[in-house]
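S.K.: Taken in sequence, the protein lines are chains A and B.
Be aware that the first sequence starts at 1, since it is given in this note's numbering, and climbs by one per residue.
Be aware that the second sequence starts at 215, since it is given in this note's numbering, and climbs by one per residue.
By construction, these hints were calculated from the structure, which means they are not laboratory data.
Careful, some of the hints might be misleading.
Simulated DEER-style distance windows between Cβ atoms [as the list claims (entries may be wrong)]:
(1) 410(B) <-> 57(A): 38 to 44 Å
(2) 796(B) <-> 173(A): 27 to 33 Å
(3) 61(A) <-> 387(B): 55 to 61 Å
(4) 173(A) <-> 864(B): 20 to 26 Å
(5) 129(A) <-> 768(B): 53 to 59 Å
(6) 468(B) <-> 56(A): 27 to 33 Å
(7) 211(A) <-> 772(B): 52 to 58 Å
(8) 129(A) <-> 622(B): 52 to 58 Å
(9) 917(B) <-> 112(A): 37 to 43 Å
(10) 791(B) <-> 173(A): 29 to 35 Å
Covered by chain B, per the in silico footprint, the following chain A stretches (three or more residues, Cβ under 8 Å) [claimed, not checked]:
(11) 167–176
(12) 196–206
Quantities reported herein were computed from a predicted structural model and do not represent experimental measurements.
Heads up, the beta-carbon is just placed ideally off N, CA and C, and yes, glycines get one too.
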Amino acid sequence: MKSKNPPEEPAHEDNFLESSRRDFLKHSGLLTAIAFTPSPLVKAAKSGLDEKIADLYEKVPVSLEVNGVKHQLSIEPRVTLLDLLREQLELTGTKKGCDHGQCGACTVHVDGHRVNSCLTLGVLVSGKKITTIEGLAKGDQLHPMQEAFIKHDGFQCGYCTPGQIMSAVACIREGHANSEHEIREYMSGNICRCGAYPNIVNAIQEVKEGGQPV
Amino acid sequence: MESKIKVKDPELGPSRVDGRLKVTGAAKYSAEYSVKGVTYGVLVGSTIAKGTITSLDTRAAERAPGVLAVITYQNCPEIPGYHTPDQPAKGPLKIFLDNKIYFNGQPIALVVAETFERALFAGSLVKAQFNKDDHQTDLKNNLQNGIAKGKDYVRGQEDAYKTAPVKVEQEYLLPTEVHNPMELHAIIARWDADNKLTIWDKTQGVKSTQRNIANAFKIPTENVQVNAPFVGGAFGAALRTWPHEIAAVAAAKLVKRPVKLVLSRADMFTSVGYRPLTWQKIGIGATSDGKLVGITHEATGQTSVYEDFTEGVVNISQLMYASPNVNTKYKVVSLNVNTPTPMRGPGEATGAWALESALDELSYALNIDPIELRLRNHADTDPLSGKPYSSKFLKEAYQLGADRIGWSERRQQPGTLVKDGRLVGYGMGAGMFGAYRSNATVTARLQADGILVLQTAVTDIGPGTGTAMAAIGAEVMGVPVEKVKIFLGDSSLPPSPTQGGSQVTSTVGAAVFDACTELKTKFKALDGGANSNDYVKLLNANKLPQLEVTTVSKGGAEMGNYAAYSWSVHFIQVLVNPVTGVVKVNKSVSVADAGHIVSPKTAASQIKGGAIMGIGMALMEEALIDHRYGRLINNNFGDYHVPVQADIPQVEALFVNKPDPYLNPMGAKGMGEIATIGVAPAVVNAIYNATGKRIRELPVTPDKLI
Numbered sequence: 001m002k003s004k005n006p007p008e009e010p011a012h013e014d015n016f017l018e019s020s021r022r023d024f025l026k027h028s029g030l031l032t033a034i035a036f037t038p039s040p041l042v043k044a045a046k047s048g049l050d051e052k053i054a055d056l057y058e059k060v061p062v063s064l065e066v067n068g069v070k071h072q073l074s075i076e077p078r079v080t081l082l083d084l085l086r087e088q089l090e091l092t093g094t095k096k097g098c099d100h101g102q103c104g105a106c107t108v109h110v111d112g113h114r115v116n117s118c119l120t121l122g123v124l125v126s127g128k129k130i131t132t133i134e135g136l137a138k139g140d141q142l143h144p145m146q147e148a149f150i151k152h153d154g155f156q157c158g159y160c161t162p163g164q165i166m167s168a169v170a171c172i173r174e175g176h177a178n179s180e181h182e183i184r185e186y187m188s189g190n191i192c193r194c195g196a197y198p199n200i201v202n203a204i205q206e207v208k209e210g211g212q213p214v
Numbered sequence: 215m216e217s218k219i220k221v222k223d224p225e226l227g228p229s230r231v232d233g234r235l236k237v238t239g240a241a242k243y244s245a246e247y248s249v250k251g252v253t254y255g256v257l258v259g260s261t262i263a264k265g266t267i268t269s270l271d272t273r274a275a276e277r278a279p280g281v282l283a284v285i286t287y288q289n290c291p292e293i294p295g296y297h298t299p300d301q302p303a304k305g306p307l308k309i310f311l312d313n314k315i316y317f318n319g320q321p322i323a324l325v326v327a328e329t330f331e332r333a334l335f336a337g338s339l340v341k342a343q344f345n346k347d348d349h350q351t352d353l354k355n356n357l358q359n360g361i362a363k364g365k366d367y368v369r370g371q372e373d374a375y376k377t378a379p380v381k382v383e384q385e386y387l388l389p390t391e392v393h394n395p396m397e398l399h400a401i402i403a404r405w406d407a408d409n410k411l412t413i414w415d416k417t418q419g420v421k422s423t424q425r426n427i428a429n430a431f432k433i434p435t436e437n438v439q440v441n442a443p444f445v446g447g448a449f450g451a452a453l454r455t456w457p458h459e460i461a462a463v464a465a466a467k468l469v470k471r472p473v474k475l476v477l478s479r480a481d482m483f484t485s486v487g488y489r490p491l492t493w494q495k496i497g498i499g500a501t502s503d504g505k506l507v508g509i510t511h512e513a514t515g516q517t518s519v520y521e522d523f524t525e526g527v528v529n530i531s532q533l534m535y536a537s538p539n540v541n542t543k544y545k546v547v548s549l550n551v552n553t554p555t556p557m558r559g560p561g562e563a564t565g566a567w568a569l570e571s572a573l574d575e576l577s578y579a580l581n582i583d584p585i586e587l588r589l590r591n592h593a594d595t596d597p598l599s600g601k602p603y604s605s606k607f608l609k610e611a612y613q614l615g616a617d618r619i620g621w622s623e624r625r626q627q628p629g630t631l632v633k634d635g636r637l638v639g640y641g642m643g644a645g646m647f648g649a650y651r652s653n654a655t656v657t658a659r660l661q662a663d664g665i666l667v668l669q670t671a672v673t674d675i676g677p678g679t680g681t682a683m684a685a686i687g688a689e690v691m692g693v694p695v696e697k698v699k700i701f702l703g704d705s706s707l708p709p710s711p712t713q714g715g716s717q718v719t720s721t722v723g724a725a726v727f728d729a730c731t732e733l734k735t736k737f738k739a740l741d742g743g744a745n746s747n748d749y750v751k752l753l754n755a756n757k758l759p760q761l762e763v764t765t766v767s768k769g770g771a772e773m774g775n776y777a778a779y780s781w782s783v784h785f786i787q788v789l790v791n792p793v794t795g796v797v798k799v800n801k802s803v804s805v806a807d808a809g810h811i812v813s814p815k816t817a818a819s820q821i822k823g824g825a826i827m828g829i830g831m832a833l834m835e836e837a838l839i840d841h842r843y844g845r846l847i848n849n850n851f852g853d854y855h856v857p858v859q860a861d862i863p864q865v866e867a868l869f870v871n872k873p874d875p876y877l878n879p880m881g882a883k884g885m886g887e888i889a890t891i892g893v894a895p896a897v898v899n900a901i902y903n904a905t906g907k908r909i910r911e912l913p914v915t916p917d918k919l920i
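Generate the whole structure from the sequences, applying the supplied hints.
M.R.: In structure tokens form, the structure reads like this:
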């Protein structure tokens, strides 16, 4: 497929990148209002003011609800939901295993559906409800899937576990946990290198058969 | 001998002590600590496999928004440990030392920025030009350049198999396998003063990391605080202190801010080792009634040009069976690749793939059942040292596994058992690994609130070390396991070994046993010798807030009289689609002779996990290099396949569960390695039994069967 606006030649790119920030600031109306001469502009850059101004232009307002808590945020459009959770909201229960949607460690629920948060931009979930592993238990009372994972030893190192559990809950909700075979198919997007697969299947089956609401 | 630790119900046993933290997302791994003022690092790798950097333009990256520094060989703060007079000719990669390139992907720059996104983008702006030399990355084309490592081993007569009435002589190839733990290697480095440092690091050994970082930066060891309370898997990949860890510490020095460096999944393929591509040749011969005459085992593995990596690939042929004549040779070839590192069952897993395949081939040549062939060559004493075994229940393991898998259903004639259009095959493979015990120190403290605290520096990378410690401590002290609190993965705690080599339960478990025994004796003295378990009452009566001991524990001299090994046998049933060549592992039964099992639930999981890793080794794992560029072409989970749910059946783990009388008070032997050693040949042998096709180059992908 041809791009409508072909990218600039790499040779130009270098120049563009070297000067882009300053040029951007120089041409910015807001900056003109703040800084009337080029000299304060340099000072502004040194004092980090350019960062603040850039923030205004380069960031996008986002409002989302994570585990029942509403957040009004201003984020760069390239920030993934995964990095937003881990690096900005300090919700590190959601794990980074590949950053390419190939391992499932970053699985969260967006409006009740499981998604790979590493393949989801933060700006695309504005207005949506996110549930992470930290939001699954009700206070001290663990979710039945969390209890079952402990009972059946559905993990070893524990790193893929939050993603497995979020996927497992969704797997039952989707109606894809009706047999061992079906569970295996619908849980194959979550890699466990320690090899807890049989135990995970057993945990999911027990929750499914237990009939508790998930 | 009885174990001094009893296990109540092997089916149940205690659940993981850290289970709640792991299922709620509260367990914090190395990249997850909130460190004030933290900055983010991203590595940039070489795009050639051999040569020199002729120019490195970092200006665009440095001017990109939020970038604090771009660290290269031109501006990296001096790492004093790289310049001491005693530098060996070969050794670990010295990151950012000079402009030399040894492998594709070698880090040439570390970009540090205010956010991860900014560092990642700026990394794409680093422009390097190279003077490219001809590289060599293909082991198969360089076998003639192998350098012998270790002494050639000869027992009896060399190449005696050649004169045997029935013999097999074949070559076996194992591709490069990458550990790929789910947690990416990560470090947060913070300088607290000019000569004082705190790191949160993915490592299997906080003490060894502490020493290595202190040596690199020439600061006092005790000034390096290493934290690794949770490690998201490692399998050997975090045994060493890697160049990226040194780079992050150096970067934190340069930018005068804490630096967080999380490797990408692609970085994981070139930065933290792998199980090396290894060529092997086995000659094995027997009398017509199946008594081994001789085994000849040669192996050549790949290593880097800057460092020699060796492992015990051929050892298993010296040790496993009672063959009067054995000779082995081991070589390595230096290539333009990064250095390998031990991966679960290092050496032995590679060697067992060839030996157990060759033995299976021999069993068909003799028309003897593979289990029967092994029984006829069972070693009753250690063939290498002549010493008696401290314990060996391998025959019992064969029986347990054969019964469980339904071995009696197996047909000796390959390709004759068909079910629902699929070819059915059964295979088995055995494994062994040294059973060790080294030194460890444990602090045991009983508090007035009734909590038993156990502390030691060891890490728990997933096997359940903390859970086993709690089980042992609870048993010795006679307190419920829920009352035990474990602290580990912290360099300031009493010393214990690196998590690896299947020695931790034996070593640290024994130290917990010894410390708790000493603590109990102290309470007994308080009690006037009555030996009550009501410690809280005793503390209160004596107005004591707690009672604590710190105990150094090591094995006795009598261990030297015995050869100590853990043993395993793996049984596999496969279903092969004769049209598509797709192999489905339908049943997998692993039996471990790992002594007395102190933590049954976590032990079973460890054995199952090892079997699954072995299934991956047999059927899918293979890191591939495009030799034109010397570059990996499948450095991600989409292209480097590891087993997923749909690949794996209800894998079973069984234990002989008989104590070793000498190794430690629990009678426990290690099991981390034997869980994987022997699995891959069991799968391949099952495929032969199903199809009559003998595959000698892993992985067995469908194209090799049609």
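S.K.: Give a verdict on every hint.
M.R.: For each hint, the structure was consulted:
1. For the pair residue 410(B) and residue 57(A), the supplied restraint of 38 to 44 Å holds, since their beta-carbon distance comes to about 41 Å.
2. About 31 Å separates the C-beta atoms of residue 796(B) and residue 173(A), a value consistent with the hinted range of 27 to 33 Å.
3. Between residue 61(A) and residue 387(B) the beta carbon distance is about 57 Å. The supplied range of 55 to 61 Å therefore holds.
4. The given range of 20 to 26 Å is respected by residue 173(A) and residue 864(B), whose C-beta atoms sit roughly 24 Å from each other.
5. Between residue 129(A) and residue 768(B) the CB atoms are about 56 Å apart, so this pair conforms to the stated range of 53 to 59 Å.
6. Checking the proposed 27 to 33 Å range against residue 468(B) and residue 56(A) shows it holds: the Cβ atoms sit about 30 Å from each other.
7. At about 57 Å, the beta-carbon gap between residue 211(A) and residue 772(B) stays in the expected band of 52 to 58 Å.
8. Judged by the Cβ atoms, the range 52 to 58 Å given for residue 129(A) and residue 622(B) holds: they are separated by roughly 56 Å.
9. In this structure, residue 917(B) and residue 112(A) meet the distance hint of 37 to 43 Å, their C-beta atoms being roughly 41 Å apart.
10. Against the hinted window of 29 to 35 Å, the Cβ-Cβ separation of residue 791(B) and residue 173(A) comes to about 33 Å, which satisfies the hint.
11. Taking a C-beta to C-beta cut-off of 8 Å, the region 167–176 of chain A contributes 0 residues in contact with chain B, too few for the three needed, and the coverage statement is violated.
12. Given a C-beta distance limit of less than 8 Å, the hint that chain B covers the region 196–206 of chain A holds, as 6 residues qualify and 3 suffice.
The structure does not agree with numbered hint 11 stated previously, though it agrees with all others.
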